[in-house]
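There are 2 protein chains.
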Amino acid sequence: MTSHTPAVPNGKDHKFNPDFTAAVINATGPKASPRVRQLTASLIQHLHDFARENELTVDEWMEGVELMNAAGRMSDSKRNEGQLLCDILGLESLVDEITYKLAASAPDHPTATAILGPFYRHNAPLLPNGACIVSPEINAQGDRTWMHGTVTDFVTGKPIEGAVVDVWHTAPNGLYEQQDPEQPEMNLRGRFRTGKEGEYGFYCLRPVPYPIPYDGPAGKVLKALDRHPYRPAHIHFLLSAPGYKPIVTQIFDRQSKYIDDDAVFAVKDSLIVDFVPYQGDPKADFELPYDFKMASFDDAKKHAVVAGGTGGTTEESAAAV
Amino acid sequence: MTSHTPAVPNGKDHKFNPDFTAAVINATGPKASPRVRQLTASLIQHLHDFARENELTVDEWMEGVELMNAAGRMSDSKRNEGQLLCDILGLESLVDEITYKLAASAPDHPTATAILGPFYRHNAPLLPNGACIVSPEINAQGDRTWMHGTVTDFVTGKPIEGAVVDVWHTAPNGLYEQQDPEQPEMNLRGRFRTGKEGEYGFYCLRPVPYPIPYDGPAGKVLKALDRHPYRPAHIHFLLSAPGYKPIVTQIFDRQSKYIDDDAVFAVKDSLIVDFVPYQGDPKADFELPYDFKMASFDDAKKHAVVAGGTGGTTEESAAAV
Numbered sequence: 001m002t003s004h005t006p007a008v009p010n011g012k013d014h015k016f017n018p019d020f021t022a023a024v025i026n027a028t029g030p031k032a033s034p035r036v037r038q039l040t041a042s043l044i045q046h047l048h049d050f051a052r053e054n055e056l057t058v059d060e061w062m063e064g065v066e067l068m069n070a071a072g073r074m075s076d077s078k079r080n081e082g083q084l085l086c087d088i089l090g091l092e093s094l095v096d097e098i099t100y101k102l103a104a105s106a107p108d109h110p111t112a113t114a115i116l117g118p119f120y121r122h123n124a125p126l127l128p129n130g131a132c133i134v135s136p137e138i139n140a141q142g143d144r145t146w147m148h149g150t151v152t153d154f155v156t157g158k159p160i161e162g163a164v165v166d167v168w169h170t171a172p173n174g175l176y177e178q179q180d181p182e183q184p185e186m187n188l189r190g191r192f193r194t195g196k197e198g199e200y201g202f203y204c205l206r207p208v209p210y211p212i213p214y215d216g217p218a219g220k221v222l223k224a225l226d227r228h229p230y231r232p233a234h235i236h237f238l239l240s241a242p243g244y245k246p247i248v249t250q251i252f253d254r255q256s257k258y259i260d261d262d263a264v265f266a267v268k269d270s271l272i273v274d275f276v277p278y279q280g281d282p283k284a285d286f287e288l289p290y291d292f293k294m295a296s297f298d299d300a301k302k303h304a305v306v307a308g309g310t311g312g313t314t315e316e317s318a319a320a321v
Numbered sequence: 001m002t003s004h005t006p007a008v009p010n011g012k013d014h015k016f017n018p019d020f021t022a023a024v025i026n027a028t029g030p031k032a033s034p035r036v037r038q039l040t041a042s043l044i045q046h047l048h049d050f051a052r053e054n055e056l057t058v059d060e061w062m063e064g065v066e067l068m069n070a071a072g073r074m075s076d077s078k079r080n081e082g083q084l085l086c087d088i089l090g091l092e093s094l095v096d097e098i099t100y101k102l103a104a105s106a107p108d109h110p111t112a113t114a115i116l117g118p119f120y121r122h123n124a125p126l127l128p129n130g131a132c133i134v135s136p137e138i139n140a141q142g143d144r145t146w147m148h149g150t151v152t153d154f155v156t157g158k159p160i161e162g163a164v165v166d167v168w169h170t171a172p173n174g175l176y177e178q179q180d181p182e183q184p185e186m187n188l189r190g191r192f193r194t195g196k197e198g199e200y201g202f203y204c205l206r207p208v209p210y211p212i213p214y215d216g217p218a219g220k221v222l223k224a225l226d227r228h229p230y231r232p233a234h235i236h237f238l239l240s241a242p243g244y245k246p247i248v249t250q251i252f253d254r255q256s257k258y259i260d261d262d263a264v265f266a267v268k269d270s271l272i273v274d275f276v277p278y279q280g281d282p283k284a285d286f287e288l289p290y291d292f293k294m295a296s297f298d299d300a301k302k303h304a305v306v307a308g309g310t311g312g313t314t315e316e317s318a319a320a321v
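First to last, the protein sequences are chains P and C.
Those letters in the first sequence? Residues 1 to 321, by UniProt numbering.
Those letters in the second sequence? Residues 1 to 321, by UniProt numbering.
For the record, the hints were derived by calculation from the structure and aren't laboratory data.
A few of these clues could be false.
Remember, identical chains collapse to one label, so a pair may be satisfied in a single copy or spanning two.
[Claimed, not checked] Okay, derived cross-link-like pairs now, PhoX-like style, lysine-lysine, Cα gap no bigger than 20 Å in a straight line:
{"no.": "1", "residue 1": "K257", "residue 2": "K268"}
{"no.": "2", "residue 1": "K31", "residue 2": "K220"}
{"no.": "3", "residue 1": "K268", "residue 2": "K293"}
{"no.": "4", "residue 1": "K31", "residue 2": "K223"}
{"no.": "5", "residue 1": "K158", "residue 2": "K196"}
{"no.": "6", "residue 1": "K196", "residue 2": "K293"}
{"no.": "7", "residue 1": "K15", "residue 2": "K268"}
{"no.": "8", "residue 1": "K293", "residue 2": "K158"}
What you are looking at is a predicted structure, and each value in this text was computed from that prediction instead of being measured.
Generate coordinates for the entire structure from the input sequences, incorporating the hints supplied.
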């Protein structure tokens, strides 16, 4: 056995080979990067502790392997089942909290983030402020909503001109357009560029709760856990602006069913919003005022917005999902 | 949030939402089986602790998801890349130890087990004792070996008649027959039925070290860890007999390179054997005497051979790999 790192003590009493986990960890060679070495050692320790603490059997482990293989086979450019498995175990939401921990702790903090989810698409139509993302080709049901607000710098409070607000949400049937052959391409998606005062505004629908796809391994796990697959009504955003850390977020309708019981644990108090009945605009039944605050890369660095070692989500990496 | 189970204390100091992990664990509904509830709660706790302790970023998590999805896409009836990923992290070997813990602790113990590996095939040819598993169609290189011994009951010491010794190993080029179009179907595989005295015997080759497949995610991980992909020379066995717990095992050549450094951590001292130079048999260069001991289902139950809740490896489940 190669032994380039000191043995990691297990720290748990158990009846199995006490040297095994350290031997596996110490097999890592001298050229592994420090971060890879750290993550792998920790992962091995947790995996082995999990197996020992629960006296995991070969059959049970094999069921887990088959579940993960099935998730991989189901994943393609339109669906990421491995991500969905993590989501229902709260992992994406937690990693999101870790990466953007400043968002929760700074005194005047940028908009809290939430998971990107598997339904983001690149290159949604770039539309002028005041436009409607509900496709004119379909006679949409649902409540029309006028959403508007500003994008500002969370430190200086100054408006950010030219920020891009990328928005997407489901149709009243609970499906995103790429899941639904009845919806036109890019229905309920759009990108809006803020004006001089950081302002943006568009018409959309008041969203509805919907189930995450439950015809695969994630659905199998939910069923075994006696859990429902529903997410509370929400609207997704990806915000970007030159010089600012991109924000991936969702806002949630306070009135929605499942607001306290999201299947993927993404709801944060600061992201819950109120849809206000709206008078005097024939194009909208509700108004949704919402202001975003972004952290510049400099401030993000200063306040350690990004946890961990390799840098947080960039627009490219977020968009790769 | 539904709350059917008591909150699980985290027990760790950290700067993240202290209630999050308990909320995810407590989402499990009342109809989940006790074992599923236990395994999932423990898995969630370990996953979340792993993420927090290492301040795992969104980018790093996403790399992990993509790795697992790629493993699933690569897996089929001939290759199990998810299993291979577990193997290089020592998980299959550990789960094997757990499942058959009696094998390591009973005073007179049945043959220690080792991982099945992904190259088992059903229905290897049933051959008479004394036959050769090296296909006559190929002019094999390698050292011919006469392997023989007995299969006995580990409690009574009595011979087991009619036990099936299912054997498989690689060719001198390091490939199993299903990986290698040059080898005839079922080359270097065979099943032998023990006689009245529990005896078996066959001709095979002295095996060689070989790399596990490293053209997929497991190879990527090994490379990042600065580790080699080699396994020490070994022969695989699956033993079965009516009324006895099946045994999945491997024996390892003491002289082999990598004997102290198996890429999948399957070597146990009790499984290391000596190939003895053999005189007087023109068909063999080496002799390999080896006796197997099996535990009856009754004894296995009595001595709690099977750890955990759902029963250990059955012949069917082992063969499903």
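I want to check one pair: K196 and K293. Are their C-alpha atoms no more than 20 Å apart within a copy, between two copies, both, or neither? Within. Shortest intra-copy distance 15 Å satisfies the 20 Å Cα cut-off; inter-copy 82 Å does not.
Within a copy, between copies, both or neither: which one fits K293 and K158 at a CA-CA cutoff of 20 Å? Answer is within: at 10 Å inside a copy they meet the 20 Å cutoff, but 78 Å across does not.
Given a CA cutoff of 20 Å, do K158 and K196 count as a within-copy pair, a between-copy pair, both, or neither? Answer is within: at 11 Å inside a copy they meet the 20 Å cutoff, but 91 Å across does not.
Intra/inter-copy verdict for K268 and K293 if alpha-carbon distance must be at most 20 Å: within (16 Å within a copy, 58 Å between copies)
With identical chains, the pair K15 and K268 could be close in the same copy or across copies; at 20 Å between alpha carbons, which is it: within, between, both, or neither? Result: close only across copies, 16 Å inter versus 42 Å intra.
How would you label the pair K257, K268 (within, between, both, or neither) given a Cα cut-off of 20 Å? within (15 Å within a copy, 55 Å between copies)
With identical chains treated as interchangeable, where does the CA-CA distance between K31 and K223 reach 20 Å or less: within a copy, between copies, both, or neither? between (43 Å within a copy, 9 Å between copies)
Intra- versus inter-copy proximity for K220 and K31 (alpha-carbon distance at most 20 Å): This pair counts as between: shortest inter-copy Cα distance 14 Å, intra-copy 40 Å.
Going through the hint list in order, the structure satisfies each hint without exception.
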